[in-house]
Amino acid sequence: MSQQLMKFHLLLAVLLLWLVAGCGLSGSGQSDSDAETTRITLTGSSTIAPLANEIGKRFEAQHPHVRVDVQTGGSSRGVADVRRGLASIGMVSRELAERESDLQNFTIARDGVCLIVHESNPIESLTDEQVVAIYSGQADNWQDVGGSDAAITVVNKAEGRSTLELFCSYFKLDSKTIQADVVIGDNEQGIKTVAGNPGSIGYVSIGSAEFNREHGVPIKLLPIAGIAPSQARVADGSFPLARPLNLVTRETPTGVVQQFIEFAQSAEVHDLVEELSFVPLQ
Amino acid sequence: MSPSSKDRLLTTLLQALAAVVGLLVLLIFAFLIRESTPAMTQVGLSRFVADESWHPSADAAHGSFNLLPILAGTLLTSAGAILVAAPLGIFSAVFCQLYAPPSLGWLYRRMIELMAGVPSVVYGLWGLVVLVPWIAALHPPGPSLLAGIMILALMILPTVALLADAALASVPREYLQGAAALGLSRNTTTCQILLPAARSGLVTAVILALVRAIGETMAVLMVCGNVVRMPASLFDPVRTLTSTIALEMGYARDDHRAALFACGLVLLVAVAVLIVFAELFSRRKTHAAA
Amino acid sequence: MPPRSIRWKSRAFDAAILVAPVIVSGFFLWLLADLLFQGSVYFWPSDSSAIQLSAIVDMLQHIVMFLTAEPEKAGREGGVGPILVSTGLILAVCMSVALPLGLGTAMLLSEFVSEASRFGRAVRRSLDILAGVPSIVFGLFGNAFFCQWLGLQFSILAGGLTLACMVLPLLVRAAEEGFRAVPQSQRHTAAALGFSRSSLVLRIILPQAAPGILAGLILGIGRALAETAALIFTSGYVDRMPQSLLDSGRAISVHIYDLSMNVPGGNSPAYASALVLVVLLVVLNFAAWWLVSRFLPRRSLS
Numbered sequence: 001m002s003q004q005l006m007k008f009h010l011l012l013a014v015l016l017l018w019l020v021a022g023c024g025l026s027g028s029g030q031s032d033s034d035a036e037t038t039r040i041t042l043t044g045s046s047t048i049a050p051l052a053n054e055i056g057k058r059f060e061a062q063h064p065h066v067r068v069d070v071q072t073g074g075s076s077r078g079v080a081d082v083r084r085g086l087a088s089i090g091m092v093s094r095e096l097a098e099r100e101s102d103l104q105n106f107t108i109a110r111d112g113v114c115l116i117v118h119e120s121n122p123i124e125s126l127t128d129e130q131v132v133a134i135y136s137g138q139a140d141n142w143q144d145v146g147g148s149d150a151a152i153t154v155v156n157k158a159e160g161r162s163t164l165e166l167f168c169s170y171f172k173l174d175s176k177t178i179q180a181d182v183v184i185g186d187n188e189q190g191i192k193t194v195a196g197n198p199g200s201i202g203y204v205s206i207g208s209a210e211f212n213r214e215h216g217v218p219i220k221l222l223p224i225a226g227i228a229p230s231q232a233r234v235a236d237g238s239f240p241l242a243r244p245l246n247l248v249t250r251e252t253p254t255g256v257v258q259q260f261i262e263f264a265q266s267a268e269v270h271d272l273v274e275e276l277s278f279v280p281l282q
Numbered sequence: 001m002s003p004s005s006k007d008r009l010l011t012t013l014l015q016a017l018a019a020v021v022g023l024l025v026l027l028i029f030a031f032l033i034r035e036s037t038p039a040m041t042q043v044g045l046s047r048f049v050a051d052e053s054w055h056p057s058a059d060a061a062h063g064s065f066n067l068l069p070i071l072a073g074t075l076l077t078s079a080g081a082i083l084v085a086a087p088l089g090i091f092s093a094v095f096c097q098l099y100a101p102p103s104l105g106w107l108y109r110r111m112i113e114l115m116a117g118v119p120s121v122v123y124g125l126w127g128l129v130v131l132v133p134w135i136a137a138l139h140p141p142g143p144s145l146l147a148g149i150m151i152l153a154l155m156i157l158p159t160v161a162l163l164a165d166a167a168l169a170s171v172p173r174e175y176l177q178g179a180a181a182l183g184l185s186r187n188t189t190t191c192q193i194l195l196p197a198a199r200s201g202l203v204t205a206v207i208l209a210l211v212r213a214i215g216e217t218m219a220v221l222m223v224c225g226n227v228v229r230m231p232a233s234l235f236d237p238v239r240t241l242t243s244t245i246a247l248e249m250g251y252a253r254d255d256h257r258a259a260l261f262a263c264g265l266v267l268l269v270a271v272a273v274l275i276v277f278a279e280l281f282s283r284r285k286t287h288a289a290a
Numbered sequence: 001m002p003p004r005s006i007r008w009k010s011r012a013f014d015a016a017i018l019v020a021p022v023i024v025s026g027f028f029l030w031l032l033a034d035l036l037f038q039g040s041v042y043f044w045p046s047d048s049s050a051i052q053l054s055a056i057v058d059m060l061q062h063i064v065m066f067l068t069a070e071p072e073k074a075g076r077e078g079g080v081g082p083i084l085v086s087t088g089l090i091l092a093v094c095m096s097v098a099l100p101l102g103l104g105t106a107m108l109l110s111e112f113v114s115e116a117s118r119f120g121r122a123v124r125r126s127l128d129i130l131a132g133v134p135s136i137v138f139g140l141f142g143n144a145f146f147c148q149w150l151g152l153q154f155s156i157l158a159g160g161l162t163l164a165c166m167v168l169p170l171l172v173r174a175a176e177e178g179f180r181a182v183p184q185s186q187r188h189t190a191a192a193l194g195f196s197r198s199s200l201v202l203r204i205i206l207p208q209a210a211p212g213i214l215a216g217l218i219l220g221i222g223r224a225l226a227e228t229a230a231l232i233f234t235s236g237y238v239d240r241m242p243q244s245l246l247d248s249g250r251a252i253s254v255h256i257y258d259l260s261m262n263v264p265g266g267n268s269p270a271y272a273s274a275l276v277l278v279v280l281l282v283v284l285n286f287a288a289w290w291l292v293s294r295f296l297p298r299r300s301l302s
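Chains as they are written, first to last, in the working numbering: chain W, 1 to 282; chain E, 1 to 290; chain R, 1 to 302.
Bound-form chain W, shown alone (with noise of 0.2 Å):
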């Protein structure tokens, strides 16, 4: 047989494995359906996504012929998909608003917001018109407000974020006045931006920032109208800036749905919660 006739075959051979290789694949997919298999697909925040996905995990063990798909899309897309029935379940980081109070909603978790400076900022505290007058661009350095004479980097979340809706309206700052330095996506991003420069000050989720600073990572948590920011403050209620972790569906749930939702609530999967660094329900 001549070489290129050989390679050709070869070439036929991969591409027939290949083909083979999908439809047995795809093919098992048909045969669990065929079982039934029930998907759940979850879309929204990608500060619950974490959370939701280890839920579904242990949800799945326990219901063998359930799938739990969680994608993220920011917790406006969760609301948007939810209404639109390409999700059964929208994952949305805050309260819900006015427009959105026809949807059916269940609280998993809390978490709180903290602000957080640089390790090596003397500074212990600030009242709330400081951070006003910081965060507006009145204040500058951090001799303004009783620190040493260094520049202070402002660390904003981006517009639409759940964190920045929730500091704006405790804070009573229009989002739209923020002078800000550096403008962060994601809760790490803004750890590992302060945790960058020594004289910057921003806000993230109060888990993620102990979880960093017991791993060594040179940030500090700053109170808040005089209440020490920890998970346990949260849990009790009086730390004034929280936000609940929600799950909406559009209608009432039934079936799988409920059974999912109820199994997220329940105080089967506060290990699950604590461990990546949120508040669970008590």
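The hints are simulated quantities; they were obtained by calculation from the structure and are not laboratory data. Backbone N, C-alpha and C define an ideal beta-carbon position, used for all residues, glycine too. The reader is advised that the hints may include incorrect statements.
[Unchecked claim] Only part of the chain R face toward chain W is listed, based on derived beta-carbon distances under 7 Å: (1) G236; (2) Y237; (3) N262.
For chain W, the structure is supplied; the task is to place chains E and R on it using the hints.
Chains E and R only, in chain W's frame:
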């Protein structure tokens, strides 16, 4: 089957495949145009340059849609990156071809190929965790135009280097043999003969790298600071068109969403213009010399 | 002896040429060293400080476990087994679509269409523009076209198809290089012997261009592995072992992004995953080099 009908069959098949490829770009253009139409009708072109700031909202009447600082961000980061990467890349290619001992050149080439495959998140992560604090120590805030330029330059350099390498390699050997026969020194050969002869390939390399810089998303998102403001210095934060789309698409609705697609359209048009420009410069040969 | 000004200028130029690789290598090796260090720290058993044989064995065991196990605790523990499988499947889909399309287009452009042809120029222009489309635009387009319009939802298939669009320009360029390397004399001989065009291309040129094409394939895989933004919107976030191509599957670059930006304490496993990816790239690139050097004629000047 007769030879000519076999040929016709193959040619038709190949033309169909190539047509699919060509249509793909048109499809993407059409998609962007369709999604961004509300931005054109509701917001209007003039508002993209005249509004007071970039604070878009789902309803065009309530938000402001000034894209200029963001456009400036894209332009400055890409231009800065290519200004750094082009000489470094071309010199790297010259190094590999003429100056380096074969083993060193081999190693260096492999390293450049490795650079091309490293994901943008890794570049961005390293930039955020290592480069940005370094720049912050120099001059706060850290995430800045400079950080963006440095990381982008690192990312597009493999494109310049590998394409420039190919361009230099395709310069006819006779030119260099002639230069050697005339006793020209290595750098004269490079400057006066090699680089000019490979000029069209080098320009193509630079333009393709520039295009890649314009389109980069994840890494600039992590190191540029993302503040919508005209930068006054290298150390000021900037926001690019790509990071705007990435940051805001998750929650944008209606007119805001359309405005983001308009950003994508601007990017694609800019890329198309650059490509056509590059085409005017290049002269391609299809077959190797016998 | 040339005048001093020329000597000075030529020395400066030589220096510039030598400094460039130093700067480039310096920064990249800094990044690589950081990656290696942070990644290996993740694998190193935490209870031993000295470099002993048992610690090395532990580390190797940890690496093997990492490559095969499922992610646990949002990826902070466990491994990236299902993620590697998802990534592999996405790549397989990508390549099996991009290869015929790319090869066919390259064949057409190189052998069947003249330099001046308008069709040829239009196709080349389209490819170059495709190469410049921002990755986020590909993500949005892929999501709208493959996931929603074609109804694939978040799936490996959608991710692979989107990546195929992105990798196509690279493949065509590499395939064209492969074709170009075949000497013109062979085409002339074939014509003289009365070969049909298709026989010439399929039986003579294609086999010889194969190594270059394969090398381009491998480099295309490298480029595809590096892609993040497009995959977040098309193949999705699910980190379970995929059971079909229609399942959503997390690619390794998406995993690295999630771990480093979204999960507290995810830094270390992010670096470990990045290290796995880089090692994979090194292996692939070495394979590409080996193929090219074995079968393709030497192209450099020295």
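- List in ascending order the numbers of the hints, as given earlier, that are violated by the structure. none
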